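S.K.: Read off the chains here:
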Amino acid sequence: MKTIKFKAIVILFASIILCGACKKEWLDAKPNKALVVPTTVADYQALLDNGFNPPIPMNTNMPSLSMVGDGDYYVTDATYNSLNYPPERGAYLWATTANFYDGQKNLEWIEAYQRILQDNVVLDGISSIKIDGTTQKAYNNVKGTALFFRSYDFYNLSQEYCRVYDASTANTDLGLPLRLSSNINLTVTRSSVQQTYDQMINDLLQAAPLLPTSPLSTIRPSKPAVFALLARVYLSQENYPKALLYADSCLQIQNGLMDFNQLSSNNYSPGIPRFNVETIFYAKLNSYTTFNKSVLIVDPALLQLFASNDLRTSTWFTTYAGNQTFWGTYYGDGSTPFGGIATDEMYLDRAECYARTGNVDLAMNDLNTLLKNRYKTGTFTNLTAANADDALALIVKERRKELCFRNLRWSDLRRLNKDSRFQVTLTRNVNGQSYTLAPNSSRYVLPLDPIETTSGGLQQNPRD
Amino acid sequence: MYNFYSKKLIQPPGCIRKIVLVMKITTFILFLAIMQVSANSLAQKVSIKANGQTLSTVLDQLSNQTGYDFAYTSKTIKSAKPVTINVKNEELGSVLTKIFDDQPLEFTIKDKFVTVTSKKPAFLDKLKAALDIPITVTGKVTDTTGAGLPSATIKNNRTNQVIITANDGTFSLSAQSGDEITVSFIGYKAYTFQVTGEMPFQNIVLHTGTGQLSEVIVSTGYQDIPKERATGSFSQPIKAMYDDRVAPDVISKLNGITSGLVFNANTTLTQNGQTDINIRGRSTIFANDQPLIVVDNFPYSGDINNIDPNDVESVTVLKDAAAASIWGVRAGNGVIVITTKRGKLNQPLKVSFNANLTVFNKPNLNYSPNQISSSSYIGLEKYLFGKGYYDSSLADTVEYPVISPVVQLLAANRAGTLSNSSLNSQLNALSGLNVNDQLSKYFYQKATNQQYALTLSGGSDKASYYLSTGYDNDLASLKDNSNQRITINSQNTFHPVKNFEIDAGLNVVQTNAQFDNNLGNFQNDIFPYTQVASANGTPLSIPYGYGQSFVQSAPSRGFLDWSYVPLNELTAVSNKTKVMDIRLSTTLKYTIMKGLNAEVLYQYENSNGQNRDYQSQQSYAARNLINQYSIVDPSSGMVTGYNVPLGGIMYLSDANTTANNVRGQLNYNYSWKDNIITALAGYELSQTTVNTNQSALYGYDDNLATYTDIDPLDYFERNPDGSYGTVPSGSGIGSTVTRVRSSFVNAAYTYKDRYTLSGSARIDGTNYFGVATNQKNVPLWSAGAKWDIDKEDFYKLSWLPVLALRASYGYNGNLIQSITGVTTFQYNSNAAFTNLNYASISNIGNPDLRWEKTGITNLAVDFGSINNIVTGSFEYYLKKESDLLGFKNLPENTGVATLEGNYANMAGHGFDLTVTTRNLNGRLKWFTTLLVSHATDKVTHYDVPSYGYQLVGAGSGIPNVGKPVFGVYGYKWGGLDQTNGNPIGYVNGQQSENYATITTSTPVNDLVYVGPARPTYFGGLNNRFTYKGFSLAVQLNYKLGYYFMAPALSYSNIIAQGAYLSVNRQFNQRWQNPGDKTNVPSMVYPFDPSRDQFYQYSTVNIQNAGNIRLQDISLSYDFNKSVYRKLPFSNLQIFAYANNVAILWRANHVGLDPDAVPAPGGDITTMPTPRSISIGLKGSF
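Line by line, the protein sequences are chains A and B.
Note that this note's numbering has the first sequence beginning at 261, numbered continuously upward.
Note that this note's numbering has the second sequence beginning at 77, numbered continuously upward.
These are computed hints drawn from the structure, not numbers from a lab.
On a predicted model such as this, the values are computed, not experimentally measured, just so you know.
Heads up, some of the hints might be wrong.
Stated by the list, open to error - If you anchor each label on the Cβ, the simulated ranges turn out as follows:
hint	chain 1	residue 1	chain 2	residue 2	range
1	B	Thr614	A	Leu476	51 to 61 Å
2	B	Thr344	A	Lys365	16 to 26 Å
3	A	Gly582	B	Gly492	49 to 59 Å
Ideal Cβ positions, reconstructed from N, Cα and C, are used throughout, including at glycine.
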C-alpha cells in the first residue's frame, strides 16, 4: 500500500532526526577551535609563553613607574606639560598621595596583578594534573616558571609600593597583597614586608630545582634567572652573604659578557643583539612617555661619570634635538627599556657583596672583568682599591653607570640612602619651580591608586 | 444564446493527459466558480410579487415580462407547491432558481425556452432525506488569483460549527441540506451559500474587501496563523508602503511602517555601517541586542542584505512572548520572520518584472561641526605656533612628523628665510581654500542603484513553481566603490501522490563589491586648505605620513617615492570582495490522517566570502611598508636592500559559513462542532560553522601571479625612527561551531470562534562552554488568550462591529556567547621572538552563569468600526528582564577589573498603537495609517555602582539603577565666568572651577540626567491616495522623547593628533572678551583636558533629539487593462519614489540631524543619508 510506505518513510525520517544526533556529546563540541578548557601541561606552558603579545604578556610592562623619578633623566617643561597620564607626572615630581593619580588607575600595578593571576591559574591548574615520567620535566618547567614570574612581579612591586626592607620594622611595614590563588572572589589585604620577602624567597627556592639551567629562550626563566633574582632580593634586604651566594651561583652557570668593541652600532641602534650572552632573563619595562628618546634628556651628572674612552657613552646615548638621550641596552627600542636580568648586574652584585664582606681582590676582579669589556680595546687599565670601602665606592659608582635605565637605581637609592656615604638628594625644576626628594623620604614609597584603596579596600602607604 | 442550468453538471475528466488540458479545465472550473460566487448575469431582469399563488400563474407572468416560453405538462405542474416571492428588477436566472428552489421540479433553459420537469431524486438522496444523514460539503477557497486561502473560516450558521481551510484552501465539512454556510477571511468579503442535497465540489472565490487589510496570515517561522486567532503580538509592515519602497534590502524597507520596530542611529553598529534595530526597546545591557532574523523557517546565517526584496512575500515581526517564545533563547530581542514568495497551484504562468533606478545626492561634507574654515584654522595654527606647540615636531629628526604647510611657512618666517609680506600673501591664498570642495569633486559622485527583477511563477494541480532572478548594481557615493548582486531563486512544490508534499528551494546570491576609494585612509589626516589636485586637475601630493622635508629627501637615499598622492591611489589599489551565498531547502510533508501531518524541514546554507585586496607597488601602503623595512647602510644612509620585497602586496582572506538546520515537526489541526485545535510539536538541530583564513603575499606581481616569501619572524629596524618590528605575516586561520538543540510544542484552542487559548514551550541547549551541564538546557514558555467580544450575543455596539481582547505572558531568552562558566584559554600562533604557540586567558570561569531571561506581558485590544472606517489595535506591554549580564567590580589586585555574570535586572513597558482610517472611499480613495509606539527601559538592579565620569555623554551604556541603559547625562552647567571665560561647574552643590575634581569625582547623583538616548516614542504616519490609476503615498517618520550630546569644542582634543588639528565649529563662538554672549569657554594655553572634559560633557551641550521627517513619497500610475485594452501586460505600473526627503521638524537648535550626530572629537565622516529619487516600472503578463 502506497500510504503505508509513505508513513514508514516519514516515521523513519523523524526517528533519524529525533535520535540521530541527540547524543549528549553533540553539544560538547568546542565552539571555537582556538578555545580550550585547559587540561594539559602544554596548555599552561602556552599561557606562560606569551611573552609580548596582547592581552596579558608575561615579559613586558614590568613595573617601572619608579624609574620616572629615579633622577637619571629629565624632560623639558613642554614635555612635562604635555604628559597626559597623571601618575607619570606624579612619579616625575614625587607628588603627594593626593596629587599622584588624579583619580586614574595605576596601570602597571594592574598589569602586574594580571600576570600574577595567570601565574596562579597555572599553579592551581597544574596541581590537579596527573604526571608521569614523560611529562615530569614539562610539568616542572611550568611550575617553576609560574613561581618565578610571580616572584619577579612581587619583587618589582615591592621596590615601588613597599618601604625599603628594614629587619626591625619588616613585620609591621605594609607589604603587598599576596595573591596566591586563582580564586578571584577571595579578598586579600596587605601583608607585611617580611611576609612579602618570605613569599618571594620561598617561591624562588622552590622554583630553582624545577627549572633548567639553559632554557629554550631567555624569555623563559631558568635556574640562573632564579639565582639572579634571589641575589636581587637578598641585596635589597642588605643580606650580603646570601646575595653573594646567589649572584655567584648564577655566574657559575652563566657569566658571558659582551665586548662592546665588537658591537656594530649604526644610525638606529646601539648594536646590541636582542638575545645576547649577557641576558639571563629577557623582559621589558613598562613604557612611559618620558622614556621616549625624543623627549628623554640624560642627567648631565650621569654622563659626566663616563670616561671618554668608555664605549657605553656611544652605545647607550645619542644626540637628539641637541640633547643626549638614551636609546636602550640589550634591546634597542627607545621607549621600552630592558627590564630583565643580565650578567653585568650579577658581576656588580657579586663585586659589591665581596666588598661588603671584605674580599677586596675578588670584588675588584669582578669589577675589572666587567669594565674591560666596556672600554675601548687597549685603553682600559684595571681599577684598584686600597680597601673595602674604596672598592665599594667604585662599585656603587659603576652600578649607577652600568645599570642605568633598567629601573634598578630606585631600589639602589632606597638601599644606599640608608648609608650616609651614598646619600643622594634628587631635584627637579619644572615650570620654574623646584622639587626635591630627600634621602629616606617616605615618598620613596609610591602610593597605591585611589581605586585600590577605596573599592579595593587596601591600606594606603603612609607618605608625607 | 444561453445555456443555463439550475445545478452544476460538470464532471471532472477521468484522466488528464496534457497540462494544457488541465489548465483549460482549471480555467473552466474557475470560471464556473466565479459564476457561482458572483452570480451569473442573465441580461433579462424581472420584477414579480407572488403570495401563495400557483406556479403556473407565476410562470405566465414571467413569460409576459420576458418573452420566454415555458414548457411543462399538467401532470408535472400538479406536484408544484404554491409560490411566494417578491423580487424587483432581478435577473431571470436567479428568480427562477428561487422559485424552483424548494419545488420538486427543475428547469432547463435553451433558446428562450424553459422546460420544467420533475426532479428525480437519487436513491441515496431519498435515504439521506429519510435519515437526515449529514451531507459532506467539500470545496476550495481561493483568492481572485486562484491561490488557495489557508485558514479561512467556514462556518455553519445553523450549528455555529467552525472549521478552517487547509494550507491549499481546501475544506471538508458535514452539514445538512438547507444549512447556510459562510466562508470568511479577514480582508475579504464573506460569501454564504446553502447546502443542497447534492453538493458538487465548491470552488469559492473571495474578493478583497478593503485595500488595507489584506495581510492576515502571520508567520512564526514554525507555522502560519490567521491573525484573527493569534493571541500574541505580531506586526507587519504597511503592505502597500512596503511594496512601494525602493531599497536593495528588506530590513531598511520596514522603517517607520512597522509597529514597535525602531531604527537606532549613532550607535556602534550604525557607525560600522550596519543596521541597528530594536523591537519594543531594549531587553539587554551587554548581550546581543539585535532581533533574530528568520528566512523561510530558519534563522538566516548569511548577510541579510543578500535577500532580494523582490522575492519577499511577507515580513512578520514577533513582539511578545506568545509570538516569539517558539524561538526560545534566541527570541529575547524579538524575531523578524521573512517569508519568500512561492508559486501557487492551478495558476497559469505569470511573468512579472521590476526595474528601477535610484539616484542619490552627494553627501554634505561640510555637515560635521567638527571642522572650521581654513582662515580660522590658520589663525589657530599661528596661535599654537606662537606658543611653541610645533617646536618639538619641527626639531624631530627621528620620527619626522608631518608639519602643516602653514607651520612650515611660519617656521621659515621665524628663521628669517621668508619675508612677512610673502608669508601673509601665501597664508591669504591658503585661507580661501576648502578641502571639502575638492574631496567632493574628486572622491564623490552621485550614488546610483539599479535594480532589475524578473519572476516566473505558476502551477498545475500537482506542482507549483517560482523562479526569479534579480540584478542589482549599486555605485556608492564614494567613487570606485560599488556593489553588484545577482540573485537566482527557485521554489518548487510538488504533490506527487495524495497527501504528500515536497517543497524544494534553491537560492543563489552572488555579490561583487569593490572598495577602491581611499578617502577613508586620509580623511582625518588632512588640512582644510590642502589641495588634492591643481586647478587643471593634476594630482597633487598631500602632507601625509612623514614631514615633507624627509619625504622629499627619501628618494635620494634610495627609498621608493614616499609621498602620498590621493588621486593616484584610486588606480593603485584593487580591493574586491566576492560573496556567494547558496541556500537549499527541502520540506517533506505527509498528511498521515485528517488533521495530522508530519513535516521534515531541512536547510543547508553556505556563504563563502572572498576578499582580494591588491596594493600595487604604486600604492602608498606598499611603498610605505617597503620603505619602512628597507635595509639601510648605517654609514652612507643609503638603501642597500629590502626586507619587504619590491612589488605589490596581495591580501587574501576567505570566510566560509555553513549552516545546517533540520527540524522534524508534527502538525495537528482538527475541528469539531465549536472547537478548533491547532498544535505542533517538534525537535530541531542547528549547526553553524564559520571558517576563516587570511594570508598576505609580498612582492606580488598581478600579471605573473608571482610573489616572494618574507621573513615574518626576525625583528628588523624600521625607517625612519629606528624602531624594531616584524614584517606582518598576514596569515591567520580560525574556526567556530555553534550548535543548538531544541524541542518545542505549541498549541492553540478556539471555542465558538470567539475564545482562543494558546501556549508554547521550548527547551534549548547549546554547546557554549561552561554553562554548567544542568543549565545547558533552558525551558522557556508562554501562554496567551483572545476573546472576540463582538461575537458574543450580548454585544450590541453596531458602530463597532470588531472588538477583541488579547493577553499573553511568557519568557524569551537571550544567548550569551562571549563568556563561559569555566576558565578557557585562547590559542594563538607565533609568539613574539620565540614563535611558539601561546595562549591567553579568554575567560575567567564563572560557574554560576545562566541565560538571560525576558518576561513579557502583553495586553491588547483589536477594533474595527462599521464598514472598516476605523480599524486598528492597541497593545500595552510590560517587560521584566532578569539574569542579565552585567559586571561586578573586583579589586585591581585580583588581576581582573571586572567579572561578567548574571548580575543585572531590567524592566520596561510601552505600547503600540496602530490605527487605519478610510477617509474617502469614492473614486478618490484616501487611507491613513498611524503608528505610535512607546518603549521604555530601566535598569532595576545592578551590582556595580557607576561613577559619574563613566556616565557623562550620550549613551555610555554603563548601567545606572533607575535609569535606561542608554541615558544622556551631563555635568551641571553654571555658565561662563565673565571675567576670564572659564566654564563654571559644581562641586558639592557649590560653583567651582576645579575641573579635575568635577570630572573625576562628581558623584552620579550630582550629574544631571537629561533623558534617554534612545527614542521612547516613535512610529510613522502614512497617507495613501488613489484616484483611477494614480496612487500617492506620503510617509512621515518620527522619533521623540530622547536626547543627544552634541559634539562640542575641546581645546585639548585640538592637538590630540599632532599636526592635524580637529576643531569644533564652536571655536568661532568662544569667549574672548568680557561681555561676550556665549557658552563656549575661552582658549587658555596650555590646554587643560579636565576643563575641556567638563565643558564638552556639561548639560549646555545636550540637545533634544526629537524629530519628524518626511521619510518618503511614492507616486505611481497603474495602466489597467480594462482601460488600455491594447496593453500587452495584464498590469503595468510606472512609479517615482523619493526617500529621505526632508526633516520637517527637529527639536535641536544646533542644526544636526539626530540620526547623524558626529561623535565628539574629530568625527567628520558622520553625515545624514542623502536624499534619493527613484523611477521605475513594474508589471506582469
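S.K.: If you test the structure against every hint from before, which numbers come out violated?
M.R.: Violated: hint 3 alone.
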